[in-house]
Every structure is written in C-alpha cells, then in structure tokens.
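Protein chains: 2
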Amino acid sequence: MTPEEFRTAGHELIDWIADLRSSIDERPVLAQVQPGEIRSGFPTGPPTELSDLSSLLERLDTKVVPGITQVQHPMHYGWFPSNASLSSVLGDIASSGIGSLGISWESSPALTEVEEVMCDWLRQLVGLSDQWRGSINDTASTACLVAMLVARERASDLAQNTGGLQAVTSPLAVYTSPQAHSSVAKAALLAGFGWDNITMVDVDPVTYAMRADALADAMAADVAAGKTPAAVVAAVGTTGTTAMDPVAAIVEAAAQHNAFVHVDAAMAGSAMLLPEIRHLWDGVEGADSVSWNPHKWMGTILDCSLHYVRDVELLERVMSTNPSYLQSQADEQVTQYRNWGIPLGRRFRALKLWFHLELDGIEAIQERLRRDLANAAWLGEQIEAADDWEVCAPVALQTVCVRHRPDGLSGEALDEHTLGWARSINDSGAAYLTPSMLDGEWMVRISVGVEATERHHVEQLWDLMQRAVG
Amino acid sequence: MTPEEFRTAGHELIDWIADLRSSIDERPVLAQVQPGEIRSGFPTGPPTELSDLSSLLERLDTKVVPGITQVQHPMHYGWFPSNASLSSVLGDIASSGIGSLGISWESSPALTEVEEVMCDWLRQLVGLSDQWRGSINDTASTACLVAMLVARERASDLAQNTGGLQAVTSPLAVYTSPQAHSSVAKAALLAGFGWDNITMVDVDPVTYAMRADALADAMAADVAAGKTPAAVVAAVGTTGTTAMDPVAAIVEAAAQHNAFVHVDAAMAGSAMLLPEIRHLWDGVEGADSVSWNPHKWMGTILDCSLHYVRDVELLERVMSTNPSYLQSQADEQVTQYRNWGIPLGRRFRALKLWFHLELDGIEAIQERLRRDLANAAWLGEQIEAADDWEVCAPVALQTVCVRHRPDGLSGEALDEHTLGWARSINDSGAAYLTPSMLDGEWMVRISVGVEATERHHVEQLWDLMQRAVG
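Chains A and B, in that order, give the protein sequences. Residues 1 to 470 in this note's numbering are what the first sequence lists, from first letter to last. Residues 471 to 940 in this note's numbering are what the second sequence lists, from first letter to last.
Since the hints were made in silico from the structure, they are not lab data. Just so we're clear, the structure is a prediction, and the values are computed from it rather than from any experiment. Quick reminder that beta carbons are idealized off the backbone N, C-alpha and C, glycines included. Please note that the accuracy of each hint is not assured.
Said to hold, decoys possible - Footprint (simulated), chain B over chain A, 3 or more residues, beta carbon under 8 Å:
hint: 1; segment: 40-47
hint: 2; segment: 54-64
hint: 3; segment: 93-99
hint: 4; segment: 162-176
hint: 5; segment: 194-200
hint: 6; segment: 295-305
hint: 7; segment: 329-335
Let's have the full structure, built from the sequences with the hints guiding it.
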C-alpha cells in the first residue's frame, strides 16, 4: 500500500472510529454473542481475493464489532476502567504510523529517550522521588514477573550465572495476600519458586489489607524451617476490593530478612495522581519496585504499564543481553531498555502518554478521577442506606463491592441470588458488573471510572440494580 | 477529547503520517543524533498548559522524528526487516480506535476469536498441520521464555505445583546453538536453569547450523553426569547468518530423552510463506512449539509474534490463572488466551494481520519475499566475484554476511577496517548495515527485505560499499 492509498483509506478509517466512539452508548455493554459465533463469521482459510478498506470496514461492523464488549461504554462497571482516551489513541496512531523499531537505543534513539522522559514525568506526577527510574511494560503481570525474577536472583546471589534456581539449597520464599491479583501467584510460579514456597499472608477481616504482623510471623516461621524470604508483593489496591496493603509496615518487616518488596499498584496507581490520596501508599519509597497502569483508570490506551525500580544495576544484571550485533558506540551513555525486561523489540509506547498529557492535560485527568471517587462514594452511600443491601468492603477508591441479602439469605441461595441479579443486568446489555468471590461468597464488584461515566449513569445503574433484585 | 475533536485531529494526523511515509527516502537511515539530544529537547517536567494537535505534530517533526532510525527506509539493511506495511498500520489503527480489552473471552469475544482465526490462517499459509494452535505474543523472546517454562514444568512433572524448580534434584538442562538469538540463553536463564546447565552445541564450521550429532553427544554426557535434558531450542534462521538448524535430526535426538523442542523461526518464519522454501524446516511437525514474527520480513507491524504449540493442555497447565472475577459461563467452550502466556491484558493484535492479508493479499507478499531472495542472491554474487571481498556464510535467505579483506588483512587490523567502512556508511545516513561477530572476527550483515527496497537500491548499496573501502 502506497502512502497516498494509505491517506485515502486512513481518512475513511478515522471517520469510522469517530462514528463508532460517538455511538457507543447505543450499543450493548456486554457483547451479545455466543461462543464461536464471531469465528464462524470468518472463512476457514485466508482470502484469495483482495479487499478494499470500505468492504473491510463493512465486515468490521457486521462480523467483529458485535463481538466486542464495550469497555468504553459509560455503563461499563466491570473488572476495572480500561479507558482508551482518544487523545492517547492519537498517540498510539502516531506510533503505528512512524513504524519504528525499539531493540536498542541506536535502532530508535527517540523511542528510548521519550520513554525515559515520559516515565520521569509520570514519576513526578504520582509523587515518587527521583530515586526511581521507569520503563513501560505491556502489563503489570509482566512487571510482576520481572520483579520476581530480580528478587530470586538477589536472594540467590545471581544463581543464574552458575547453577540457577535448581542449585539453591535454602528454598526461597515469596509472600503476598490472598486478595492480591492472580498474576502475583502466577509470576511466583513462573519464576520457579513453587506453590509450597508461596505464603498467602492473612488479611484484616474488615479492610482486607495484608496484616504486617502476620507477614513477619510467616517469614520468621519460614526461616526457622530453613527457608529464605526472598520477596513480598504488596497490593496497593487489591483486585477484589481495592484494599490497600500497608506498605510502610510491609517494607519494615521485609527489611528484617532483606526480602525484595514489589508494590503492585496496577489499578490504584492512577489515584496517586491526586496528592490527597498518596497517603494510601505511604512507605512506597522503601520498596524495591513499583508498577502501575496508566492504561487503566488514568486512561492511556492499553498497553501502557509503568515499572519503576530503584536499583537499575541489579535489574540490568538479571535481565541483560548484549550480543555483538546490538552493541553500539553509544552503549555507555544511553539506556538500553532491552536490558530492563523480557521482550527485545518494543513499540514506541511513550507517544501515547505524551499525547494524552499534552492534549488532555493533567488537570482534566485529575478532575475526572475526583469525579469518579465522588460517584463511587455516592453509590456506596445509597447502597448502605437501602434495605437488604450491603457494601461488603471499605470503598477505598472507586470500587464498590455489594451484596443484596433479602430476608437474611445466605450460603448457596445467596450466591444464586447474587449471580442471578448480576447476570440479568449483564445479559441485558444495559450495564456490566463483575461478580467476584469474597469470604467464600459471591458478591458484585462495581468499578466506577470509565471516562464517559457521569453521575446520571451511576444513578441509572443504581435503578437497574434495584429493579434487578425486585 | 470528544469523538468530533478526534475526527478533526485524526484527519490531520493521517495526513502527517502519509507525508512522513512519502518522504522517508529523503531522510537519513540512521538517526543523526547524540545520546541525550532527544531527551534534552523535552521539558524536565510534565506540561502545565494544553496543546493542540498541530502544535504537537510540529514538535513531533522537530523534536522526535530526527531521533528515529528509519527502518522503513529502502536503504535500511540493518538487524532484520522490520516492515510496517501500511495496510497493517490501518489494522493497528482500527485496534486502537476500538479500544477493547482482552483479559478473557467475555471481555472481548471478537478479540479472542479473530486471533484464533488469524493464527489458523497463518498456520495454513506456512504449511503447518492442523495439529498446531497459535496465539499472538509481543515478541519471539517472550514466546521462547514461555517455551522454556513449559519445558521446565514438563521435565519436572509440574514442580511449580509443589516445591518448584528449587526442589528438583536432577538438574534440568537446556541446549541451543551459539548462533541462536541472545533471547534463547536469556529465556533459559530467566526460567531458572542457570548457565551451568545450558550447553551451546557445536555448529558446522561451514553452514553454522547446529550439529545434531554434537547435540546427541552433549545430552548423553549430561545424562551420565546426572542431569536431565529438558529442552532444545533449534534456530530456523540464526541471527548472525540465517543458518538453518536441522530440525528433523534435532527432534530425533531430543526424542531419545523426551526433551522439549522449541523452534525459533522469528525471522525466517516469513520465508515459509513460500512453499519452495519449506524444506528448510523439514521435521518441524515433530517439535513441541514454534514461533515466528510476521512483524519482521512479512511486514505486519510490530508487535506481532506468532507462537504455535501442539499440546495446549500442557501450556494451559503451566500458564493458567483462573480467579473468580474472570470466570464466565462460557469458560468450557472458548479459548482463554490469558492461560497461554505471561500478560493478562492483551491488545486486539489480530486486526493488523487481518487488514494486512485482506488489503495486500498473500500473493503480493509472496512476490515481495521472492524479490528479496533474488536481490540478496544477486548481491552475494557481486561480492563473491569482486576482488578482496568475501561472503562469510551461505546465503540461505535474504541475509548476506560480508567482509572486505584487502591484502590478506586479519585480526585487529581487519576488525578495525570492517568496523570502519561499515561505520562510514552508517554515519553518512545513506544506508544502514549491522556489524556483527562471526568466528571471533567482525563482519557486516546485510539484511535485505525492507518493503521499499528494490534492486536499484541494492545496486546503490553495493556502490556505497565499494566506495567506502576505497
């Protein structure tokens, strides 16, 4: 395709996107398709004839879009806000158009250095000190795996350079909360620690935050059993209830054993753009790494997960690779991001952060986050005040966890009721909520924070919920 | 940003991209900037005032583009072709505009099912049997790490469910070629095997391909020493010279020890779109996993790396995570790609493959690959026929490895000469080539295959080379 053909097709595509985004609130939130339905709309083999863009966009409309759950919809309250602000979409488009390759500084100096600048701007915006240096990963799952690998190598004196983890004699142990994201246990397993060496530390029964005293006890017991505490993952904003693990106390407990502390603030990191919220991660300066995702609540389109570390040298010793064909004269003076993570090749992701910050501005983003906090608080109050409804966990940020418990319903009957009313809303396409387990019972998570969600949408949701249980 | 503001800005951006792509051959190939130069063009802190797109595009032109090494330039012969075909760029833009979220089938059924369809189309196009199922990763480095993790767990009876790799008593061993990509050793190290358990198997001195007999010997010696052969990584197209490891013989040797075989065809996989080339990976059906990157020579914009496995159940047992909030009624009937790799969240990458195949067509892609093979062969012939020039390795595909050795120059003097003439071309901005080590001496890799590179560009390169050594 020539640049001129691209120009014509690109204009058509931009109009298609603008039209789609304008019409999102007329669409169902949850895709109304059956398993296999989208797949069966495609031929079983590759095309033998050429298409033009118009015909492709027509098929995109009829064969693909019906299969997309509209997470940009103002009535989407599922999982977490996965905002793709249109300003950041422009940055993503610029990145695609430029078509650069990030495998070394030399392969695209701008890709490397704009990433450094954006990571530093975001560091300042969430109030981290200048002791931290950042990079962009695809997701917080990947950052957590990198943290586990670095922790493993630190605790084993870089065993990868000799016999590897399989030569370690005192088993290395990892600690996290049962409320932490599933990717934490997954990362610890992939790093080779094994289930037997992962402790799910008790949480407080009211706040669902990790108990630092229980962490200290677990580590002491492991040491007595001949194990070596290697890493603790603190969740700043757990997945289920957005509980805030006490970072300062965790850092202190971990320090007794020189264990690595990784702070997983994937969702709640966006909240740290608000100075009045930052007390919730007090102690973060004592951690070893922190990750958070602008691609969630902040709204820089996926994938854009920030990973900050204090000890870059350690990170590079674990993750580096330096074959001759990637060496350059500039090596001593530049950042080689390939030595900071798993993939060698990287996209120019920093552009979407740059466009987002320049075109929307941090003040507007902060205002939106405050709006969402107020909307969640409002919804929590309505639920608390209503008969038979309960808020199951503190509303620390923008997630409201709720059960409707008529006539003291409990056990299986309550679970059936909970899943039933959530499903009736979800299946209608009018809104989307995520059922989740808490204390062995199903509840419903309402994650407020889609860019388009205003107060009247939350009011509309509360109406839907009351009608759904009626 | 509203959809209407996006529409206006989007049109402006499309024109900017079309203009940039039209003017690429007027730009230097290698970015002509010093370390820190791009960074210093940015303010040290985030913006306090709003910009509009025009002002941002002006800064993109003046502050960013000069720092981009133009890998879409017809005179780019460095590293590998990193083609970003404009048809696939359109698919990437559609993906950004749609702004969907891939964390489960339910979060975007179309994202999952179109990925299944595209992986299957590409499977057919490279002639793999229907025993393989694929997914899209960011890079082949990530796929290789996943392969090492799966191999580790297979060889240890899923030790991650108990004491992990650190509880394994017979050390697990990995085998690859010293010519394999640096990401292979990195993946084995990150998986925890340790340097002491990685064998770099001897290669043939002429073809640079792994010697299957040496592999068999190395595995037997390890077994005698109490180790367990766990994995072999065969390079189909090594990084240095595009050497082809003998997959059939490697599979046979590995089978003696039930070792997992991963085929890394990151670069050369695109060549398998040509039926006449497929004999180069004969035996691939006996491997356990294969990865290759449409985002290289085939030209679907980065990131788009395909990863095929035969035993999906094993892959899912190693990589799965299934928390309550991600469970859905459809779980039994659908593919949950989160259980196939490291990240939980994924972009809708399949769209760029779909757009690329529909708008360009496989025939045009095949024709271009054949053009590049012929251009590389032509260049190899010119070099062979010229005084003092030598082709250092067989030209298996589109990579030509070359030295200019006047008056029997050798050792340090030759290295200095080699790096000197390559640098003079690179620094001029007229073309870009990658110096690399082979047999302990520097040589220059010429990787033909940029979408825009026609025969006259290769002729021009050969002129430049002759003048550079003169």
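Right, here's what the structure says about each hint:
Coverage of the segment 40-47 of chain A by chain B holds [criterion: at least 3 residues with CB-CB distance below 8 Å; count 5]. Check result for the segment 54-64 of chain A against chain B: holds, 3 residues qualifying (beta carbon to beta carbon below 8 Å, three or more required). Against chain B, the segment 93-99 of chain A contributes 6 residues with a C-beta closer than 8 Å to a partner C-beta. That satisfies the three-residue criterion, and the hint holds. With 9 residues having a beta carbon nearer than 8 Å to a beta carbon of chain B, the segment 162-176 of chain A meets the requirement of three or more and the stated coverage holds.
For the segment 194-200 of chain A, the assignment as covered by chain B holds, since 4 residues bring a beta-carbon within under 8 Å of that chain's beta-carbons and 3 suffice. For a cut-off of 8 Å, the count of residues in the segment 295-305 of chain A with a CB near a CB of chain B stands at 4, and the three-residue condition holds. Taking a C-beta to C-beta cut-off of 8 Å, the segment 329-335 of chain A contributes 3 residues in contact with chain B, enough for the three needed, and the coverage statement holds.
Violated hints: none; the structure is consistent with every hint.
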